[in-house]
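K.L.:
Read off the chains here:
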Amino acid sequence: NAGVTQTPKFRILKIGQSMTLQCTQDMNHNYMYWYRQDPGMGLKLIYYSVGAGITDKGEVPNGYNVSRSTTEDFPLRLELAAPSQTSVYFCASSYSLAGGHLSSYNEQFFGPGTRLTVL
Amino acid sequence: AQSVTQPDIHITVSEGASLELRCNYSYGATPYLFWYVQSPGQGLQLLLKYFSGDTLVQGIKGFEAEFKRSQSSFNLRKPSVHWSDAAEYFCAVGPMDSNYQLIWGAGTKLIIKP
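Chains as they are written, first to last, in my numbering: chain A, 147 to 265; chain B, 147 to 260.
To be clear, the hints were calculated from the coordinates, so they are not data collected in a lab. Each hint should be verified, as a subset may be incorrect.
Pairs of lysine to aspartate or glutamate, EDC-like flavour, derived with a Cα cap of 16 Å [said to hold, decoys possible]:
no.: 1; chain 1: B; residue 1: K195; chain 2: A; residue 2: E253
no.: 2; chain 1: B; residue 1: K255; chain 2: A; residue 2: D184
no.: 3; chain 1: B; residue 1: K255; chain 2: B; residue 2: D154
no.: 4; chain 1: A; residue 1: K190; chain 2: A; residue 2: D202
no.: 5; chain 1: B; residue 1: K214; chain 2: B; residue 2: E166
no.: 6; chain 1: A; residue 1: K160; chain 2: A; residue 2: E225
Far from chain B, some chain A residues (derived; all Cβ distances over 10 Å) [to be verified]:
no.: 7; residue: G197
no.: 8; residue: P207
no.: 9; residue: T216
no.: 10; residue: D219
no.: 11; residue: T232
no.: 12; residue: L243
no.: 13; residue: T263
Pair by pair, the computed Cβ-Cβ distance ranges are [said to hold, decoys possible]:
no.: 14; chain 1: B; residue 1: K214; chain 2: A; residue 2: T166; range: 41 to 47 Å
no.: 15; chain 1: B; residue 1: G199; chain 2: A; residue 2: L265; range: 38 to 44 Å
no.: 16; chain 1: B; residue 1: P225; chain 2: A; residue 2: P154; range: 36 to 42 Å
no.: 17; chain 1: A; residue 1: D172; chain 2: B; residue 2: P186; range: 21 to 27 Å
no.: 18; chain 1: B; residue 1: S216; chain 2: A; residue 2: T166; range: 27 to 33 Å
no.: 19; chain 1: A; residue 1: K155; chain 2: B; residue 2: S230; range: 32 to 38 Å
no.: 20; chain 1: A; residue 1: D184; chain 2: B; residue 2: P153; range: 17 to 23 Å
no.: 21; chain 1: A; residue 1: E225; chain 2: B; residue 2: S226; range: 46 to 52 Å
no.: 22; chain 1: B; residue 1: Q217; chain 2: A; residue 2: L226; range: 44 to 50 Å
no.: 23; chain 1: A; residue 1: D202; chain 2: B; residue 2: Q188; range: 39 to 45 Å
Glycine included, every Cβ here is placed at the ideal spot set by N, Cα and C.
Model the full assembly from the supplied sequences, consistent with the hints where possible.
P.N.:
See the structure below:
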């Protein structure tokens, strides 16, 4: 049971390049999340998904896209990288039996993060 | 606006000493409250959470936290720290509004002196 895995661990991009951050979980969790962590700041939610085929914006979605074609995978796409997207990115997942808004407050399981630098 | 404040960016304690990490929140009603820990090179892990009831909450790894409504605080404590407790600790709140997404503090980095 690997939990939540993220690839790559590190990446340097040039301005305007695109890339996809991969996230996979093997716990059959229905909820998945993408956060960014900037120095001296708390985690900011980028996008989240409550199940395959369903995604929604978080607090800071601009410049990012996501998809959720399977329960296991939740990739995050950066189309035109900008220096403001330099950050550490975390993927997380959680499980809710009943669903509903408060399901977001079930324990979230995090991946080890991807450190992205845009130059 | 809702916010979470962890006033200490770094805290250094000696191994075996007691620990208290502070967390204050700004919110009109009592939110759900969480502490997560991030060990070096790892993702975040839930230590404990408060939803309602007893204001003293026990968590994993010997940690506890106390909710004080009058002070809008949810401080994390441990009576005796171990070198393996060196990590970054994040407080988060879950507001009871239409967003239902966690609001995170900036984190406190705990350094353990041998």
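K.L.:
All hints, please: hold or fail.
P.N.:
To see whether the hints hold, each was checked on the structure:
no., hint, in the structure
1, B:K195 <-> A:E253, "holds (9 Å)"
2, B:K255 <-> A:D184, "holds (15 Å)"
3, B:K255 <-> B:D154, "holds (8 Å)"
4, A:K190 <-> A:D202, "holds (14 Å)"
5, B:K214 <-> B:E166, "holds (14 Å)"
6, A:K160 <-> A:E225, "holds (12 Å)"
7, G197, "holds (16 Å)"
8, P207, "holds (12 Å)"
9, T216, "holds (21 Å)"
10, D219, "holds (17 Å)"
11, T232, "holds (17 Å)"
12, L243, "holds (16 Å)"
13, T263, "holds (17 Å)"
14, B:K214 <-> A:T166: 41 to 47 Å, "holds (44 Å)"
15, B:G199 <-> A:L265: 38 to 44 Å, "violated (50 Å)"
16, B:P225 <-> A:P154: 36 to 42 Å, "holds (40 Å)"
17, A:D172 <-> B:P186: 21 to 27 Å, "holds (24 Å)"
18, B:S216 <-> A:T166: 27 to 33 Å, "violated (48 Å)"
19, A:K155 <-> B:S230: 32 to 38 Å, "violated (23 Å)"
20, A:D184 <-> B:P153: 17 to 23 Å, "holds (19 Å)"
21, A:E225 <-> B:S226: 46 to 52 Å, "holds (50 Å)"
22, B:Q217 <-> A:L226: 44 to 50 Å, "holds (45 Å)"
23, A:D202 <-> B:Q188: 39 to 45 Å, "violated (27 Å)"
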